[in-house]
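> Here is what each chain is made of, one letter per residue.
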Amino acid sequence: MDALIVIFITGLISLFVGMLKKPYLTLGIIASGLVLSFCLQMNYGNYTSIFSKYDNLYFNITQLYFSEMAIGFTLLLVLGGFQYFKQDIEHTSDYLSLLLFSLCGAICLIGFTDLFMFFLGLEILSIPIYVMVGIKKQDVLSAEASLKYFFTGSFATAILLFGIALLYGATASFNLATIQEAIQSGSYSEPMLLIALLFIIAAFLFKVGAVPFHFWGPDVYQGAPDIVMAFMATVVKLAAVFAFLKLYAGTFQFLSEFWTGALNIAIILSLFLGYLSALRQTSFKRMLAYSSISNTGFALFALLTTSPSSAGSLWVFLVAYGCATIALVTISMIIHNVDDKIAAFKGIGYKNPFIGFVMIMSLLSLSGIPPLSGFFGKFLLLSNAINDHLYLVILALVSSAIGAFLYLRMIVLSLAKETENTVEKYPISILQYIVLGVCTVGLLGGWLIIIL
Amino acid sequence: MTIDSIVLILIALPLIGALVNGTIGKKLPNIVVGTIATSVMLASFICAVLVFSQFQKTQLIHLFSLLKLDGFQLNARFQIDALSIWMTMIVTGIGTLIHLFSMGYMSHDKGYYKFFTYLNLFIFAMLLLVLGSNYFVLFFGWEGVGICSYLLIGFHFSDLEKGISNSIAARKAFIMNRIGDAGLLFGLFLILAQFGTLEYLDLARLTGPGHGVAQTMLIGITLCLFLAATGKSAQIPLFTWLPDAMAGPTPVSALIHAATMVTAGIYLVVRSNFLFELAPFTKDIILYIGLATSLVAAFIALRQNDIKKVLAYSTVSQLGLMFVALGMGAYTVAIFHVTTHAFFKALLFLGSGSVIHAMSDEQDIRKMGGLAKKLPITHATFLIGTLAISGFPLLSGFYSKDEILGHALAANPLLYGILMVSVAMTSIYMFRMYFLVFFGSFRGGEKAASHLHESPLIMTLPLMILAILSVFGGILNLPGLFLHSGAHWLNDFLSANTAGLNLLLAEHLAASTTLILMFVASAMTLLILIWAYINYAKKQKLALADEELHGWQLWSNKKLYIDELYALVFVKPIEFIGTLFYSNFDIKVLAKGVYSFAQLFSKLGGVTRKWQNGVLSSYLFWMLIGLISLISYYFIKLQVWNF
Amino acid sequence: MTAELINWILGGLSIGSALMVVFSKHPIRSVLYLIVTFFLVSGLYIMMNAQFLAIVNIIVYAGAIMVLFLFVLMLLNLNKATEPKTPLLVMLSSVGAAGIFVLVLIAALKDSFIQKSGQVAGNLNAGMVENLGELLFKKYIVPFEISSILFIASMVGAVLLAKREKPIID
Amino acid sequence: MNPTTTNLSASIEFYILLSCVLFTIGALGVLVRRNMIVLLMCIELMLNAVNLLLVAFSTYYGQGDAQIFVFFIIVVAAAEATVGLSILIMAYRNNKSTDVGLFKTLKD
Amino acid sequence: MELLILPFVFGILSFIIPSSWSRTFGLIGAASSLLVALFHLSGFEPQTVRTIFDPNRTFPLGLSFKMGFDALGLVMILLTNGIVLLVLLSNWNREIAKNKLFTALVFLMQFGLLGVFTAQDGILFYIFWEFTLLPIFLILYWFGAKDNNPTLFKFFIYTLVGSLAMLAALIVLGSFSSSYSYEDLRQVSLPAGYACWIMSGFLLAFAIKIPLFPFHTWQPATYSSAPMAGTMLLSALMLKMALFGMIKWMLPLTSEGLECMRWPVIILGSIGIVYGALIAIKQNDIKKIFAYASISHLGLIAAGIMLYTTSAMQGAMIQIINHSLISVGLFLAADILENRTGTRKINELGGIAKLAPHYGFWFAVIVFAGLSVPFTAGFIGEFILIKEMFSFHMIIGIVAATTLVLGAVYMLRGYQVSMFGAPKLTEFQDLKWNETFVFVALTILILVIGLSSNCIIDFLEPSLSNYQVTLK
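Residue numbers (numbering that gives the first Met the number 0), protein chains in the order written: chain A, 0 to 451; chain B, 0 to 642; chain C, 0 to 169; chain D, 0 to 107; chain E, 0 to 471.
In isolation and in its complexed conformation, chain A is listed as follows (with noise of 0.2 Å):
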């Protein structure tokens, strides 16, 4: 709570410090915020907050460290978008500030106790989204984008609200330790319920992106700005991710029964075809988005069992696929790929051997390979499922081989010999060097969390 004010009050700051047209300035009050808010949040269970009486949001242990992880990987994107939206310097904080609305809304949505902080939280998510997806105004890719997006998103806005219409309707509350009361206990309106349920199911694959509510996914990802997609695949997915697990596993865990069957069929769909989709991209994002389709799929694993373990699963999961996609991005950033080609990749890691390596890292870890991130956030989220969903886990490392032949192109692309691009040297600002070096030890070490 204190964070989410923390947050809120820092965007706020740099709104007005914006006037000043100094944009490290900016990027010194923003990044302190973060970094303020992340100690708050890590030091949560240490103190009282004035406002612990408001239950509105409530954190324990779990949303306290994919909060962290959320405000985490701001951070990372705000340090390494900032070369590039120092480039327009008069907007410079307001595309920042509205980034870290966006994180409060991520973080409501993380600490929601009842529908009008998840609803809010949401919300506030995703409208700095619509924006910011859509600032390239000049360029009627970025433009369309946010209008994909904006449209699909209200859609689907309307349809989790008449989910949460009818979740009212069902059993005469918002509040969720109520709503799990009342499913529990058998007093609710069945159909209006499971209908309630499936509508929110929708809108929720819809959110993380998952078959077949993944239509936006791609075109958004393609026309919006590197660090604006990669904030999406991060942030965005990753409180959309909790939210869900949350609600699913946790609230109604209950109805499992009734709801798994209907998530195992995105969760195939999402797999199979993300990867599919992104064998034979030659545009980075929307690979990249293919990919986090199915990177979706895997998340949603966590979601299959009931077991408190498959929060820090997923937790690890998000961690080396937020790390990587960081990675990538920040990398097709320095290496300036403005036509947004795979092609651009081609050599630079071979030339410059730090690129090269962190590079590698993301993609084995995107396709699963040990001892990074990646191989532990997919082997803790299958193990979690493997007794119920034997068939399911068995599908998931079908396309995970998929995946590792679209990875594994990449890889051998950055690391040829011989490069397309006539830069002798890529400039890699001191920032983006903490950025991919951040990125780097998440990929490396960040299942080592689950040892502690």
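By construction, these hints were calculated from the structure, which means they are not laboratory data.
Among the hints, erroneous ones may be present.
[Said to hold, decoys possible] Label pairs and their calculated CB-CB ranges:
(1) A:E89 x C:F22: 38 to 48 Å
(2) E:V468 x A:G444: 55 to 65 Å
(3) B:G195 x E:L37: 56 to 66 Å
(4) B:I624 x D:K106: 13 to 23 Å
(5) B:L18 x A:G444: 55 to 65 Å
[Said to hold, decoys possible] Below, a sample of chain C positions facing chain B; criterion: calculated Cβ distance under 10 Å:
(6) A96
(7) S146
(8) F150
[As the list claims (entries may be wrong)] According to the in silico footprint, chain A covers these stretches of chain B (three or more CB under 8 Å from chain A):
(9) 283 to 295
(10) 594 to 604
Don't be surprised by glycine CBs; every beta carbon is placed ideally from N, CA and C.
Fit chains B, C, D and E to the known structure of chain A by using the hints.
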């Protein structure tokens, strides 16, 4: 010195010789290399004689345990008994002589040291083969001699003209031997499965009276062993390698492909006599195969024009005779023939080597003639060899062949008749060759004529020694008819000291019958001699050129087309299958299958990508469809799951 | 009974005007029909004793938002029926899908509220301002405050996007 | 103790039905219309259907919470409309049209 | 632990050092690893398991991260360290050795392999198993033939698919156990329906890696496009991982599934023996000959392991060691051909034995070792294996024994056509010192193992019989 250590020295000496020559031989002068090799052989022979003289009863020399697995143990262990010591003497004795001969014969060769290394190695392997106390050690030696044979056949692998064909011949020999080896291996496995041991003595004990082993098992074992024997001893169906193996230097042909290695098959059967005796069926097979081989090889030899090829087929034919003896259960007779055959065949080969040496590596008998004057010693010794092999009275071959014939008559007159045909053909082709080579006028042209010379003493000395042995070798096992006190010495020697060999009834026939047989055989040989002399020496009826042949002569000359048949039946199909598998199955089915499986995903990706058509309305539409399907899911779920 | 009748009339009319929103060619008419729909829905709210929301609905939706819509329409000079005709196939499939959707939805929900025990009628005046005020500023104060973030964000966003300028960013 | 008869002037099924239909009409509008502004309006229509449902439930249960939720929905709808319209304006500036069918550059 | 840390540290350091040092550095590293391994050998009790890393607790989801080795593991460790040294040595005079990346990758490969051989935890085993894929992939990619991407992709994806199957099997297996540690997994008794599937999961991974017919299609192409070091590492060590995995992991842990998988594997192995050999007979590319020969040889070993008798596994171990040694030799020989003449087509070569007698000699020695002639390690190994197969089923034994004959055909053909006959070249540089050294070392090892196989068999006996499970 105890017998144990002598035997070990005996075995080790050739190995040491090989190691010394192999490592530093290249830097030593040829004469030193040759001396080393020959002297270790000589020493080894002396050891063998020592062992022979001190030998009293069967003895085992245990070295170490080679392999200990659950259920069985394989030992490096040697067995000294009459059979092994006798074979050792033959191997080392003939070996020494041939080493000596090689010192002269190979003197101009660049690979002099290599040659002697291989020869010594061969002897070592051969000694392992004959001295081992179990089939495993025998198998070691068995494979070892195969390799040495391969190396020596292909010795002149880099020859400009014949290099490739030499090495192909070597490969053929090796592969055919390998087939036999596989048979031996199966035999071993069957024995192991049945008896749990490979030791001869244990096996002999276990197959004693009341053994209770199934007949089929025994037949299986013995057939496997016999398959091995056909490989090594060049019997039908695996005999075609031996004539090709003549690509090796002539001393090699003499040592390996006439005197020692090829008799390993005989040795194996004799060694396993206790098994074969229990499997009459196999014995019959051996008999028929031996007979057939003998006839076929003799027939082919009739119209061969390569001096070494004739001898090679003659070897095959003689080996067939030995197998006939084995098939009849006349083990000692077979060994006797092995012994005499070793003498006169080594002599013949060395003689032919001497001829070839003189002819500057020309081997076609159509280009020779009238060499008797130029090569007197060779001629004389060659004559003795020819007479011996033809069964000229009182020479060694006469006795050993006669024993076989005698047994054949006792077994079945028809068998005797067929054998007589084979023997007659032997005489015919041997005399044909002899007369063509040494009589008449020289047909090799001026240039070759000027080079003709008698070989040096180092080459003729072994010839002479072998000639003496060929003449008097028969004394070893005289029929009772001649010298009662010394009769059947070898027979007794072997039977007494080798477990199981005394199964054979020594003398089947009455003395008079024996006498008649001898007479018939002698008469036939003499007749053929005269006929051949008239035909080839007097009338100068020369061998025909290849293209003039027709009828049976052509078939004989073309080796009954067996090589072609094998190529058609085995080699071509295998190569065809190999190519077929590779180009059609491996590439087109498997590799392509995997590839198209991967392609399938790519194609599927193409399909799923079509879905993403970029139109917002369609996205929304599909979302609605998704929603509808979810609600339908509700209905379906409600049907199967009521709550 | 009268109340029920009014409900039915209001409901029927709202469906009708909603259909007109969808199917009128002219965007301006759509806006107007939408406003009508909002009014009708507000009427239903009143029937349900939710006076506060009825008013809010009219003020915010019909008043503010729809004016904004009209404003944009005018701003962009879109007040003529320039919209190309939707292809028949799309039309048919969409209508079909929507039809199926509403059918399955209603089919699924038709068995709802076959009475479950233990549900109590709550406050009759739940929809009154004082009651809602209590709730909003006590129980739901945090969401209320948090919604300010939403407004800030959308404000900044709207300004950012709608501002006519040459951005340097590519 | 049947809440249906206590608080609502019509049966709850009526409201459910009505909002389902309104929701569907909104959805249909989103599907068939190509003018972005109309699309936006249709979405507002869908939200309205939800509002109606929530209010009905609120009255049905005699709880104010749902009406507060409706209040928030209206808030969000306003915010969304603002952002939506600004996106629309931006898109219009790029394409000189409000036809969503023209935006199909991004595809496979 | 130093066993693993050493190559890892050397690997990392190799990235940093200047390229000119990399050769020496590589040798030092490999030699010291070997020394460490030998140090472990001295005083090793064959019936014990030496734990080298044990965090002494179980982590979430049953990860234990235990590491250790028994006699089998130690033999594999020694083999690995020895072969790595030989690989580095054989590359000494090649361009590739002067690249520090190469040295680093070889060390990382070694690290991964040692991890595989010492893992006492299922997941750790998998981790290292997959880890090895990376260095080898990079070696193949950077130092292999140009435009070999499709081949490499096939290799990578193919083996990855197998590994994923193994992962699935491991996870399922782990779900029956309290942790993934080896001891705990051994305790599991699998329900009837599962065992077969779990085993086939493992088997797919191993069958692809070995490679068993018909999963071999990646292999010949990969071998022929790979640099010498890559081929050596692949065939001498990486394939052995799979066989090791079969002995240590698959069979003991899922022995309940043996009944249903035994025959298929044995039959596939037997088909592989004949199939590989038949194809090798007609190949013209010398590396492909050896590649298909490898399929043939390893089919025999794999089928032998599936017999699941102590003797068969002892034979298999001997043969594993032998195959590692001869494949280093054979591929070195093949590479010398390619390196000196620029072609691997044997029909374009000939008479080389005359131009380069030393080379011809040592090549022949390795070829004969490959034919399992007496006194070489292969003789004992093949003898035991064929014997066990023969006593398992006669037909299988006969099929297995065809390797004796067909092996002779393709090996001798490959050797003879390239080395014998009239020389087609004018010049052929004979062996360099490092190549001679490798050949001599290999020959000595092959002979020593051939003669002292009893020691190795005795050494391995306790651990191998420990892997035997009384079948239910």
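> Note whether the CB distance of B:L18 and A:G444 lies within 55 to 65 Å or breaks it.
holds, 58 Å
> Hint C:F150 vs chain B: min CB-CB distance below 10 Å?
With Cβ-Cβ at 27 Å, over 10 Å, it is violated.
> Between B:I624 and D:K106, does the beta-carbon spacing fit 13 to 23 Å?
Because 19 Å falls inside the window, the suggested range holds.
> Checking hints one by one. Is C:A96 an interface residue toward chain B, by the C-beta closer than 10 Å rule?
Because about 5 Å separates C:A96 from the closest Cβ in chain B, which is inside the 10 Å limit, the hint holds.
> Note whether the CB distance of E:V468 and A:G444 lies within 55 to 65 Å or breaks it.
violated, 38 Å
> So does B:G195 sit 56 to 66 Å from E:L37, Cβ to Cβ?
Since the Cβ atoms of B:G195 and E:L37 sit about 37 Å apart, the hinted range of 56 to 66 Å is violated.
> Is the shortest C-beta separation between C:S146 and chain B less than 10 Å?
The hint is violated - C:S146 has no Cβ within 10 Å of chain B, the shortest such distance being about 27 Å.
> Are 3 or more residues of the segment 283 to 295 of chain B near chain A, judged by a Cβ distance of less than 8 Å?
violated (count 0)
> Can you let me know if the beta-carbon spacing of A:E89 and C:F22 is within 38 to 48 Å?
Since A:E89 and C:F22 have Cβ atoms about 44 Å apart, the given range 38 to 48 Å holds.
> Check, residue by residue, whether the segment 594 to 604 of chain B contains three or more positions whose beta-carbon lies closer than 8 Å to a beta-carbon of chain A, and give the verdict.
Contact hint for the segment 594 to 604 of chain B vs chain A: holds, 5 residues under 8 Å.
Comparing the model with each numbered hint stated earlier shows that hints 2, 3, 7, 8, 9 do not hold.
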